[in-house]
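2 protein chains.
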Amino acid sequence: MIRRLAIIGVGLIGGSLARALRNAGAVGEIVGCGRGKENLDKAVELGVVDRYSHDVGEAIRGADMIFLAVPLGAMRETFAAMKGHLSADAVITDGGSAKFSVIDDCREVFGEVLSNLVAGHPIAGTENSGVEASFAELYQNRRIILTPTAETADDALARVQAMWQACGGEITLMSVEHHDEVLAATSHLPHMLAFGLVDTLAQMKENDEIFRYAAGGFRDFTRIASSNPVMWRDVCVANRRALGKMMSHYLNEMQELAQTIERGDGEALLEIFTRAKQARDRYIDGVLDSTE
Amino acid sequence: MIRRLAIIGVGLIGGSLARALRNAGAVGEIVGCGRGKENLDKAVELGVVDRYSHDVGEAIRGADMIFLAVPLGAMRETFAAMKGHLSADAVITDGGSAKFSVIDDCREVFGEVLSNLVAGHPIAGTENSGVEASFAELYQNRRIILTPTAETADDALARVQAMWQACGGEITLMSVEHHDEVLAATSHLPHMLAFGLVDTLAQMKENDEIFRYAAGGFRDFTRIASSNPVMWRDVCVANRRALGKMMSHYLNEMQELAQTIERGDGEALLEIFTRAKQARDRYIDGVLDSTE
Chain L
1 MIRRLAIIGV GLIGGSLARA LRNAGAVGEI VGCGRGKENL DKAVELGVVD RYSHDVGEAI
61 RGADMIFLAV PLGAMRETFA AMKGHLSADA VITDGGSAKF SVIDDCREVF GEVLSNLVAG
121 HPIAGTENSG VEASFAELYQ NRRIILTPTA ETADDALARV QAMWQACGGE ITLMSVEHHD
181 EVLAATSHLP HMLAFGLVDT LAQMKENDEI FRYAAGGFRD FTRIASSNPV MWRDVCVANR
241 RALGKMMSHY LNEMQELAQT IERGDGEALL EIFTRAKQAR DRYIDGVLDS TE
Chain Z
1 MIRRLAIIGV GLIGGSLARA LRNAGAVGEI VGCGRGKENL DKAVELGVVD RYSHDVGEAI
61 RGADMIFLAV PLGAMRETFA AMKGHLSADA VITDGGSAKF SVIDDCREVF GEVLSNLVAG
121 HPIAGTENSG VEASFAELYQ NRRIILTPTA ETADDALARV QAMWQACGGE ITLMSVEHHD
181 EVLAATSHLP HMLAFGLVDT LAQMKENDEI FRYAAGGFRD FTRIASSNPV MWRDVCVANR
241 RALGKMMSHY LNEMQELAQT IERGDGEALL EIFTRAKQAR DRYIDGVLDS TE
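Just so you know, the protein sequences line up as chains L and Z, in that order.
Residues 1 to 292 (the UniProt record's numbering) are what the first sequence spells out, left to right.
Residues 1 to 292 (the UniProt record's numbering) are what the second sequence spells out, left to right.
No wet-lab data here; the hints were simulated from the structure.
Don't take every hint at face value.
As the list makes no split between identical chains, a pair holds if one copy fits it or if it spans any two.
As the list claims (entries may be wrong) - Okay, derived cross-link-like pairs now, BS3-like style, lysine-lysine, Cα gap no bigger than 25 Å in a straight line:
1) Lys-37 - Lys-205
2) Lys-277 - Lys-205
3) Lys-83 - Lys-37
4) Lys-277 - Lys-42
5) Lys-245 - Lys-205
6) Lys-42 - Lys-205
7) Lys-205 - Lys-83
8) Lys-245 - Lys-42
9) Lys-42 - Lys-83
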């Protein structure tokens with residue numbers, strides 16, 4: 001049971017955590033924190049938070065659980081604002097989609113990786129944002145990755161695990177490096193491909209006409225290019241090492257594919273496409289059908 | 001009014017054309033042609049075709065309209081099988097997603113680009129295939145591109161236009177070269193990116209685990225990697241010139257993006273992502289919402 005939960009950044013991710021814990025009876029008071037007054041007033045009105053402050057230090061006062069749902073680019077300043085205001089029994093966790101940078105930001109601000117920091121990443125979300133888009137079931141049966149370090153206290157880890165279990169999440173522990181590689185592969189790289197594709201086409205001479213002939217598959221394929229550019233700038237900068245490595249793997253494969261196409265080597269193309277289709281059908285449909 | 005329509009390849013595309021024309025009362029008899037007896041028996045049972053033959057020459061006998069819905073890689077042999085069996089008033093059209101290769105195949109077989117050939121491409125489809133997946137409304141309000149050449153007879157073009165209008169399609173005339181470039185950009189290239197991404201991940205050491213953490217966005221993004229590998233081999237070989245050019249544009253942009261990420265240049269990243277998001281929101285949603 002969490003006595004007082006502070007949520008820094010009350011949007012889809014933070015708001016849904018609040019709602020889920022509330023529904024589960026797993027939390028006492030919930031204090032919100034953010035910049036936008038309108039969004040926070042809405043959060044109170046919807047019963048997502050009990051009260052709020054625009055000041056991080058004020059918001060986390062007396063909190064035994066702190067959830068950081070700010071963009072990766074705002075993590076460092078958030079840690080800085082927390083310094084000197086943490087309760088003795090406070091545990092800190094977050095929802096950022098890169099983990100090395102969060103831990104690094106903590107080390108920069110506090111001079112060490114705090115033992116009560118349990119960096120984490122719920123693999124969940126929708127296309128919508130803001131507290132009004134939040135809902136209690138967002139984390140139900142979704143994978144929650146936690147990346148404890150050598151410094152992480154067992155008790156802190158146990159409390160964050162209990163929190164996500166109360167939300168219905170399926171918890172996996174993973175090293176920081178491995179998390180960042182896996183996410184670079186399955187999320188960050190695909191976003192780069194979609195942004196890059198749309199941008200390439202947008203820069204072509206007759207781009208108005210080109211987009212006019214795009215069919216439904218193109219729409220699905222490029223949906224993620226409509227994602228928040230600021231968030232993705234932050235992700236790229238935060239996870240640039242793992243993402244850079246993945247980009248380079250991928251570009252090597254694509255260079256080879258381009259050469260295979262130019263040679264008109266049907267046999268090699270069939271082999272590549274068959275292997276990809278099998279992998280996609282086997283892993284993706286198999287895995288996602290069982291959890292979605 | 002079409003007196004006798006021959007459909008070579010009775011699947012989603014050919015079957016839907018048959019159904020649409022039947023519903024519109026725009027066709028007399030429909031003769032199917034293909035290799036699979038089971039599929040063709042089903043087509044008769046469903047009333048999609050009136051009868052069928054496994055022999056192309058036999059199937060097109062007396063037909064005043066011939067629709068080729070075979071894979072691009074089978075076009076040349078289909079033209080060869082038609083030689084000597086065409087009625088004097090026959091018009092030939094097709095549904096292939098590359099057009100230069102179809103016209104080239106015709107030239108190779110007949111020694112000239114036939115004046116009664118009107119190469120075409122309905123921008124429509126679903127994830128399903130086979131005659132059982134066909135439905136009369138597939139072409140309703142969908143774009144149908146026709147690519148007449150200097151050799152094409154006006155009357156032949158008019159008859160193919162009338163056929164697609166009866167199906168509810170919106171017809172656009174385009175040069176062969178332009179069609180192949182536009183489709184390389186909006187369809188063939190995205191398929192390459194998806195096949196390449198899934199194949200890159202499938203070849204990584206811990207690929208089982210990596211796919212397990214893929215979220216919903218990844219599923220959408222890679223859906224087209226589950227497409228038919230044989231069809232896509234044929235498309236790549238048939239459209240290798242235009243596709244090769246697009247791949248090279250794209251890979252140049254991605255190389256730059258990779259360098260921008262490695263530099264951690266947030267400002268440049270934000271610019272790229274914002275430009276892509278704007279293009280995607282403006283063109284794709286604007287265009288597709290009005291027609292889908």
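Which hints, by number, does the structure contradict?
Per hint list: 1, 4, 6, 7, 8, 9 violated.
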